[in-house]
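Q: Sequence:
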Amino acid sequence: MMIDSGAMPAKKFLESEVYMNSRMRLVVSIGLLGLFCLMLPGSLRADAAGQQVGYLYSGGTFTTISVPGATFFTTASGINDAGQIVGTYGVGDGKTQGFVDNGGVFTTISVPGATNTEANGINDAGQIVGLQVSAFETGAGFLYSGGTFTTISVPSTTDTIANGINDAGQIVGSVVLPGPFPGAGFLYSGGTFTRISVPPAGFTDAMGINDAGQIVGDHIPSVPVPSVPEPGTLTLELAGIVIIAAAATLLRRNQERNGQAV
Numbered sequence: 000m001m002i003d004s005g006a007m008p009a010k011k012f013l014e015s016e017v018y019m020n021s022r023m024r025l026v027v028s029i030g031l032l033g034l035f036c037l038m039l040p041g042s043l044r045a046d047a048a049g050q051q052v053g054y055l056y057s058g059g060t061f062t063t064i065s066v067p068g069a070t071f072f073t074t075a076s077g078i079n080d081a082g083q084i085v086g087t088y089g090v091g092d093g094k095t096q097g098f099v100d101n102g103g104v105f106t107t108i109s110v111p112g113a114t115n116t117e118a119n120g121i122n123d124a125g126q127i128v129g130l131q132v133s134a135f136e137t138g139a140g141f142l143y144s145g146g147t148f149t150t151i152s153v154p155s156t157t158d159t160i161a162n163g164i165n166d167a168g169q170i171v172g173s174v175v176l177p178g179p180f181p182g183a184g185f186l187y188s189g190g191t192f193t194r195i196s197v198p199p200a201g202f203t204d205a206m207g208i209n210d211a212g213q214i215v216g217d218h219i220p221s222v223p224v225p226s227v228p229e230p231g232t233l234t235l236e237l238a239g240i241v242i243i244a245a246a247a248t249l250l251r252r253n254q255e256r257n258g259q260a261v
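Mapping of the sequence shown onto numbering that gives the first Met the number 0: residues 0 to 261, in sequence order.
Treat the hints with care, as some may be off.
Unchecked claim - Each pair of labels, with its calculated beta carbon distance range: (1) Ile-78 <-> Gly-190: 19 to 29 Å; (2) Asp-166 <-> Gly-102: 13 to 23 Å; (3) Gly-125 <-> Phe-71: 26 to 36 Å; (4) Ala-167 <-> Gly-91: 31 to 41 Å; (5) Thr-60 <-> Pro-199: 39 to 49 Å; (6) Gly-59 <-> Gly-102: 16 to 26 Å; (7) Gly-91 <-> Asn-209: 35 to 45 Å; (8) Thr-147 <-> Asn-101: 11 to 21 Å; (9) Asp-166 <-> Lys-94: 27 to 37 Å; (10) Pro-220 <-> Gly-145: 36 to 46 Å; (11) Val-104 <-> Ser-144: 12 to 22 Å.
If you're looking for bench data, these hints aren't it; they were derived computationally from the structure. Note that the coordinates shown come from a computational prediction; the quantities given were computed from them, not determined experimentally. All C-beta atoms, glycine included, are put in the ideal place defined by N, C-alpha and C.
Construct the complete structure from the given sequences, taking the supplied hints into account.
A: As structure tokens, this is what we get:
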């Protein structure tokens, strides 16, 4: 689809603002949700082993989504009109694989040669988009269609994440930019990449696209990224860690009160 236009040095992508912003939002959200759910008897929560699990909400009912054998977590990221669900699960040692859940049957999505794979979106044709991370920890998007993986790499950027795809095959995602600003969204349509950047210059994510071509995401206005983490970033990281630790403690105490194994 597009040749690589350049790669960041080893381990740079997984430490980049684009990747870390998305992961830190997830960490804090999980922690806050965990605390909230623990206060509500019978509400959806981690499984008996304390692992994060995905869910499907349909007809007023929550159904847990957990890949058999997953280590630490399962996340569900996308669903099509046929009810096929895609997401990501841990496999140990910080590695991840994607999956598609088709009526309770799980199939692993793993890009050949990649150390980490994340499946983020699926359309009604069953085409899947996501992220692949190389052994050098550089990131590129992928499209999985008809049993074939195609790399998605936006020109004049260093790394690419594909987040969503509609039934017309239009793909949206995020990129790491060279220079002082962290990243932008993109639309890939008809063989052409179009950058999506909400003014003023900063960090823009493109997360989803519908069949009308409408795109949603998020935006963080910012100044050039410093060489060391900003205090706000460190505070966010610490807050996420504290929240998760508190949630885990409350879960353990709740299990002990109910006579559950911990």
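Q: Could you tell me whether the CB distance from Asp-166 to Gly-102 stays inside 13 to 23 Å?
A: About 20 Å separates the Cβ atoms of Asp-166 and Gly-102, which means 13 to 23 Å holds.
Q: Holds or violated: the 39 to 49 Å window for the beta-carbon distance between Thr-60 and Pro-199?
A: holds, 44 Å
Q: Can the suggested window of 36 to 46 Å be confirmed for the beta-carbon pair Pro-220 and Gly-145?
A: holds, 40 Å
Q: Could you say whether the range 31 to 41 Å given as a hint is met by the Cβ separation of Ala-167 and Gly-91?
A: Cβ of Ala-167 to Cβ of Gly-91: about 38 Å, so the range 31 to 41 Å holds.
Q: A range of 16 to 26 Å was offered for this pair. Does it hold for the Cβ distance of Gly-59 and Gly-102?
A: Roughly 20 Å apart at Cβ, these two residues keep to the hinted range, so it holds.
Q: Can the suggested window of 19 to 29 Å be confirmed for the beta-carbon pair Ile-78 and Gly-190?
A: holds, 27 Å
Q: Between Gly-125 and Phe-71, is the Cβ distance one that fits in 26 to 36 Å?
A: 28 Å Cβ-Cβ, so the 26 to 36 Å window holds.
Q: Between the beta carbons of Gly-91 and Asn-209, is the distance compatible with 35 to 45 Å?
A: holds, 36 Å
Q: Taking 11 to 21 Å as the stated bounds, is the beta-carbon spacing between Thr-147 and Asn-101 within them?
A: holds, 18 Å
Q: Take a look at whether the Cβ-Cβ distance between Val-104 and Ser-144 falls inside 12 to 22 Å.
A: Taking Cβ atoms as reference, Val-104 and Ser-144 lie about 20 Å apart, which means the hint holds.
Q: That 27 to 37 Å hint for Asp-166 and Lys-94 (C-beta), does it hold up?
A: With a Cβ separation near 32 Å, Asp-166 and Lys-94 satisfy 27 to 37 Å, so the hint holds.
Checked against the numbered hints listed earlier, the structure breaks none of them; every hint is satisfied.
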